[in-house]
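These protein sequence lines are chains A and B, in that order.
Everything in the first sequence is counted per my numbering, starting at 7 for the first residue and increasing by one.
Everything in the second sequence is counted per my numbering, starting at 2 for the first residue and increasing by one.
Calculated from the structure, these hints are not laboratory results.
This one's a predicted model, so the numbers in the text were calculated from it and none came from an experiment.
Heads up, the beta-carbon is just placed ideally off N, CA and C, and yes, glycines get one too.
Take the hints with a grain of salt, since some may be wrong.
What the hints assert, rightly or not - A few chain A residues that face chain B, going by a derived Cβ cut-off under 7 angstroms, partial list only:
id: 1; residue: VAL152
id: 2; residue: LYS201
id: 3; residue: TRP265
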Amino acid sequence: MSEDIWILGIHMTKFGKHPDKDTLDLASEAVMGALADGGVTMKDIGVMGAGNLMGGAGGIGQMLQKQVGQTGIPVYNVANACATGATALRVAAMAVKAGEVDCGLAVGVEKLAGAGLLAGGSRADDAKTWTPKGRQGAVAPLDGRVGTDTMPGVFAQIGMEYGHRYGGTSFELFARISEKNHSHSTLNPLASYQKKMSLEEIMNDVMIAYPNTRPMCSANCDGAAAAVVVSDSKLKKLSAEQRRRAVKISASILTTDPWEDACQVLPNVNTLTRNAARQAYEQASVGPEDLDLVELHDCFATAELVHYDNLMLCEEGGAVDFFNSGAPWRDGKTPVNVSGGLESKGHPISATGIANIWEVCTHLRGEGGARQIEGAKVGLAHVIGLGNACGVHILEKAA
Amino acid sequence: MADQIPLVDYLVLGDSPHLVARECEQCGSRYFGRRNACAACFGTEFKTVRIPDEGTLETFTIVAQAAPGVPVPFVSGVVDVDGTAVRANVVNVEPSPDKVTMGMKLRLTTFPIGVDEAGVEAISFGYEPVG
Chain A
7 MSEDIWILGI HMTKFGKHPD KDTLDLASEA VMGALADGGV TMKDIGVMGA GNLMGGAGGI
67 GQMLQKQVGQ TGIPVYNVAN ACATGATALR VAAMAVKAGE VDCGLAVGVE KLAGAGLLAG
127 GSRADDAKTW TPKGRQGAVA PLDGRVGTDT MPGVFAQIGM EYGHRYGGTS FELFARISEK
187 NHSHSTLNPL ASYQKKMSLE EIMNDVMIAY PNTRPMCSAN CDGAAAAVVV SDSKLKKLSA
247 EQRRRAVKIS ASILTTDPWE DACQVLPNVN TLTRNAARQA YEQASVGPED LDLVELHDCF
307 ATAELVHYDN LMLCEEGGAV DFFNSGAPWR DGKTPVNVSG GLESKGHPIS ATGIANIWEV
367 CTHLRGEGGA RQIEGAKVGL AHVIGLGNAC GVHILEKAA
Chain B
2 MADQIPLVDY LVLGDSPHLV ARECEQCGSR YFGRRNACAA CFGTEFKTVR IPDEGTLETF
62 TIVAQAAPGV PVPFVSGVVD VDGTAVRANV VNVEPSPDKV TMGMKLRLTT FPIGVDEAGV
122 EAISFGYEPV G
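Looking at chain A on its own, in the form it has when it is part of the complex:
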């Protein structure tokens, strides 16, 4: 049995528009914030996991070191779509767990404010002559001709499929999920949007891909998040205050899709999430009923619904009843996305898989201010990177 791993320091920048800060400014702010929060410096860090998908230039970790501290440690630049941040954290945690280092750093950053559709946002012109290309011998771009490549459309189909299988879904139900997250964000000063939206406003907003209207889609924004992880033996040597605020990583899991019929036709975000959740609950020796709060990957309102079920917050097929019972509201049985979620807090892709852990840690430390979930002791953070990768972390308050 290897020793426990702890989050010693963690930081999330304000999410939103940062026209006067570039990718490195945001990442530096997150890293220096996490180091200060943990009471350590770059000198203590033995390994770094770093993620940035849209910045263009490679080697985000090395570029960042050149701003915040070059000590010659290994950097792992990782990419796993929207699960990039969680992947960076897992790299640092695995290195600590393996005993190679006793302190590691993970960071994710993105500049996305003002971006439109990320996938399916542009389509190449048809060629002058039809020539078969690629693995399906396509003579022309397929987006819009053979289904949709857009994320709002893909995740709309995922939510609609759940409704077809179990019943009870409607345009209004999905909009109500979004209403919850926009309402939650009013208490989060770091959220991109902190504006309550009525059901009517949400349903009457611009339709992107039925049933997802604009406020039911994740908000493109700028932001970064970083975390410092340490081994149990290192933590024991630190101050009482550092030990008090440390958050235990009770489970750290990353999964991909096991093959199933149709999984290469429409992404199946269910099976790998269910597998990750099952492994995480087992590793942490906790059950869904023990969770005081959950930050899950609501990249679209239609996605949040299916993950109630995938994370086993409800019985199989019971996600609609779970939502209608009021359970995922902040005063409900299992508060979900009290940060405002991706729909309102925002979704700077590579930052998201650490930002959701920051949110959970903030509550476990009792530092959530107006949005504090009182007495929170155990929380779960989940991300999905389409392709697919699923990260699930279970976090526990220091005893």
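We have chain A already, so just place chain B on it with the hints.
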């Protein structure tokens, strides 16, 4: 009709246009497009099988915002054809949640999408409501 080409290589044109899948000889898993190996059983032998023309709609969305050049709104969906899932547009139906319904019966249809500089017409496919 010689100067036609299918949009994708798993669409077979002719008197009775249809789709074909690559089926793993070892475990029967089906795929569209070129394969290196079977993702389910790692086998490397495949045969080509014909996919029936009729199926049911398992899920859909009505895409209202898409890349410039993509006509919207359109219906994107997944059709279950006798146990094989096919990604396609649902066509010849009003793109409205009142008209497109889960489980609706659909049939393969083909249509031209344009003629290139060499005079070759590309043929695409979609699924349309039956009856």
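Verification of the hints:
| no. | hint | result |
| --- | --- | --- |
| 1 | VAL152 | holds (6 angstroms) |
| 2 | LYS201 | violated (22 angstroms) |
| 3 | TRP265 | holds (4 angstroms) |
In this structure, the one hint that does not hold is number 2.
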